[in-house]
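2 protein chains.
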Amino acid sequence: MLAAKKIGLLAGSGALPHAVIAGAIDSGYDVFVVALDGFGEVSSFSQPAQLFRIGELGRLLKTLKREKCTHVVMAGQINRPDFKKIKPDLGGMKYLPKALAAAAKGDDALLRFILEVFEKEGFSILAPQEICNSSLMPSGLLGKCEPTDKDKVDIEKALDIAAYIGAEDIGQAAVVCNGLVLAVEAQEGTDKMLERVAALPVSVRGTPDDKLGVLAKCLKPAQEDRIDLPTIGVETIKNAHHAGLSGVALKAGEAFVLDLNAVRKYANSKGLFVIGIEK
Amino acid sequence: MLAAKKIGLLAGSGALPHAVIAGAIDSGYDVFVVALDGFGEVSSFSQPAQLFRIGELGRLLKTLKREKCTHVVMAGQINRPDFKKIKPDLGGMKYLPKALAAAAKGDDALLRFILEVFEKEGFSILAPQEICNSSLMPSGLLGKCEPTDKDKVDIEKALDIAAYIGAEDIGQAAVVCNGLVLAVEAQEGTDKMLERVAALPVSVRGTPDDKLGVLAKCLKPAQEDRIDLPTIGVETIKNAHHAGLSGVALKAGEAFVLDLNAVRKYANSKGLFVIGIEK
Chain A
8 MLAAKKIGLL
18 AGSGALPHAV
28 IAGAIDSGYD
38 VFVVALDGFG
48 EVSSFSQPAQ
58 LFRIGELGRL
68 LKTLKREKCT
78 HVVMAGQINR
88 PDFKKIKPDL
98 GGMKYLPKAL
108 AAAAKGDDAL
118 LRFILEVFEK
128 EGFSILAPQE
138 ICNSSLMPSG
148 LLGKCEPTDK
158 DKVDIEKALD
168 IAAYIGAEDI
178 GQAAVVCNGL
188 VLAVEAQEGT
198 DKMLERVAAL
208 PVSVRGTPDD
218 KLGVLAKCLK
228 PAQEDRIDLP
238 TIGVETIKNA
248 HHAGLSGVAL
258 KAGEAFVLDL
268 NAVRKYANSK
278 GLFVIGIEK
Chain B
8 MLAAKKIGLL
18 AGSGALPHAV
28 IAGAIDSGYD
38 VFVVALDGFG
48 EVSSFSQPAQ
58 LFRIGELGRL
68 LKTLKREKCT
78 HVVMAGQINR
88 PDFKKIKPDL
98 GGMKYLPKAL
108 AAAAKGDDAL
118 LRFILEVFEK
128 EGFSILAPQE
138 ICNSSLMPSG
148 LLGKCEPTDK
158 DKVDIEKALD
168 IAAYIGAEDI
178 GQAAVVCNGL
188 VLAVEAQEGT
198 DKMLERVAAL
208 PVSVRGTPDD
218 KLGVLAKCLK
228 PAQEDRIDLP
238 TIGVETIKNA
248 HHAGLSGVAL
258 KAGEAFVLDL
268 NAVRKYANSK
278 GLFVIGIEK
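Residue numbers (this note's numbering), protein chains in the order written: chain A, 8 to 286; chain B, 8 to 286.
Chain A extracted, bound-state conformation (with noise of 0.2 Å):
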């Protein structure tokens, strides 16, 4: 008989940690809901799960090896703590000092920070794809739009870019339209950012009837592929229709599509082509 295999899902806000559980039960595995408070409500989930504050690190690990987790997988957004409101309990005290340090150096110093903690502590890290594969990004094209010629040049440069900010742990994302960066992407997010270049002059950027101009996303050059990874849904494409966008480019398999066929549907019925490069 195999040994009991039971997932601790550290729960983030939008749809990835419910396709991370579907894809945990399909897989074999049990699975405990970690809500973390103001991101999930524990009654959003099809699985056992327990509601804990940011900074509960002592009950949370407490609770997870009572519950007799083997693996832990952090899924969906969680936007960063106000440290100074943090009343950490006991076991989170110990870590605090260290976790605020991590954090000055930028999200994913924090993160990796944090899977080092649940490491040390004896769980090992699954990340969401290899749970889910099904969502993420495949090569190539997703729906039947095409990129031209010059759409070609700006995923090029696009995804340069977002690597180039990357690089400094700046953000994800940047938009490129005809050669020119319209918008990089830091803590505001990747919806913010399309809302903004939608609010550029129209001389600078593409329109809805005349599109012209890509999004790129792609994982920091150094970054832990175990949390945080690219994501793109509907709400994506729709923005990115909305700031006269072309299309979407990703690595291939270095990103999630979450509901993926809806984004494919979607970008279909507005022109927009989506794009998993090849790394």
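Treat the hints loosely; a few may be bogus.
You can't tell identical chains apart in this list, so a pair holds if it fits in one copy or across any two.
[As the list claims (entries may be wrong)] Here are the simulated DSSO-like cross-link-like pairs (lysine-lysine), alpha carbons at most 30 Å apart as the crow flies: (1) K286 to K72; (2) K157 to K91; (3) K12 to K101; (4) K245 to K199; (5) K112 to K12; (6) K75 to K199; (7) K151 to K13; (8) K286 to K112; (9) K277 to K199; (10) K112 to K199; (11) K12 to K72; (12) K92 to K245; (13) K151 to K69; (14) K91 to K199; (15) K277 to K91; (16) K272 to K105.
It should be emphasised that the hints constitute simulated quantities derived from the structure, not laboratory data.
Just so it is clear, the structure is predicted and the values come from calculations on it, not from any experiment.
Start from chain A and add chain B according to the hints.
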């Protein structure tokens, strides 16, 4: 008798062109103002001025020669034109394809190209700061507020990040707060970037009552320093204050401060530092 010196001032919007005019007159130049349609009114200038549409390069060059201009200065903000809508005259037609190619490489490439055209046509290019150096950012503190040790770490990182994104001609400005890059500027401009910082969760930024974080603006490393020098004014300090920042860092001698005394006074009144870092 000295040869007559006359400046053709290509005037964008904002206060800088007026500061340049005052400085030029003080330095013994005559001035002919080229008001660009959409960016300035002929009537707002104290010196002889004429309105030109972007694209009327032929008429512009002819006029500058007829006016016996020996020098050309560009000053003030000029947004990227909509190249699809430019109606070039015969002289403009000649340069449009090269302008389009330069524009696709970034703002700096475009501006550099424009200066080359004027040089080729026999004009000497002057930098705004060669004529109105009273507005150049001095070294050290502009007002009475000093950065804390924490701020100093953010100053260094913010200047690094601003130079880093500048190296790819993305933008000139960045905001760093407690080590974290909150925002980087691309086409939206500094004021919009600061508005965005003000909209971020207070967990990652300071507040006007509990200031934290630094705005840095610096010349792109490869940038043509005769144009588009980083510029701040009272509005910049106002927005930085609203975004909860501790202060603003510039490179000494490589940035314009519009109405320096007003900036100093306003920064003092709100408790923000404004510092010029030696290269």
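We went through each hint and held it up to the structure:
1. K286 to K72: Classified as neither; 38 Å inside a copy, 55 Å across copies.
2. K157 to K91: Answer is between; shortest inter-copy Cα gap is 16 Å, intra-copy 48 Å.
3. K12 to K101: Within one copy only: 28 Å inside, 71 Å across.
4. K245 to K199: Both: 12 Å inside a copy, 23 Å across copies.
5. K112 to K12: Intra 34 Å, inter 53 Å, cutoff 30 Å: neither.
6. K75 to K199: neither (40 Å within a copy, 50 Å between copies)
7. K151 to K13: Neither, since 40 Å and 59 Å both go past 30 Å.
8. K286 to K112: Close inside one copy (27 Å) and across copies (25 Å); limit 30 Å.
9. K277 to K199: both (20 Å within a copy, 29 Å between copies)
10. K112 to K199: both (23 Å within a copy, 25 Å between copies)
11. K12 to K72: Result: close within a single copy only, 13 Å intra versus 82 Å inter.
12. K92 to K245: between (35 Å within a copy, 27 Å between copies)
13. K151 to K69: neither (50 Å within a copy, 52 Å between copies)
14. K91 to K199: both (25 Å within a copy, 27 Å between copies)
15. K277 to K91: The answer is between: 23 Å across copies meets 30 Å, while 44 Å in one copy does not.
16. K272 to K105: Intra 45 Å, inter 40 Å, cutoff 30 Å: neither.
Hint violations for this structure: numbers 1, 5, 6, 7, 13 and 16, all remaining hints satisfied.
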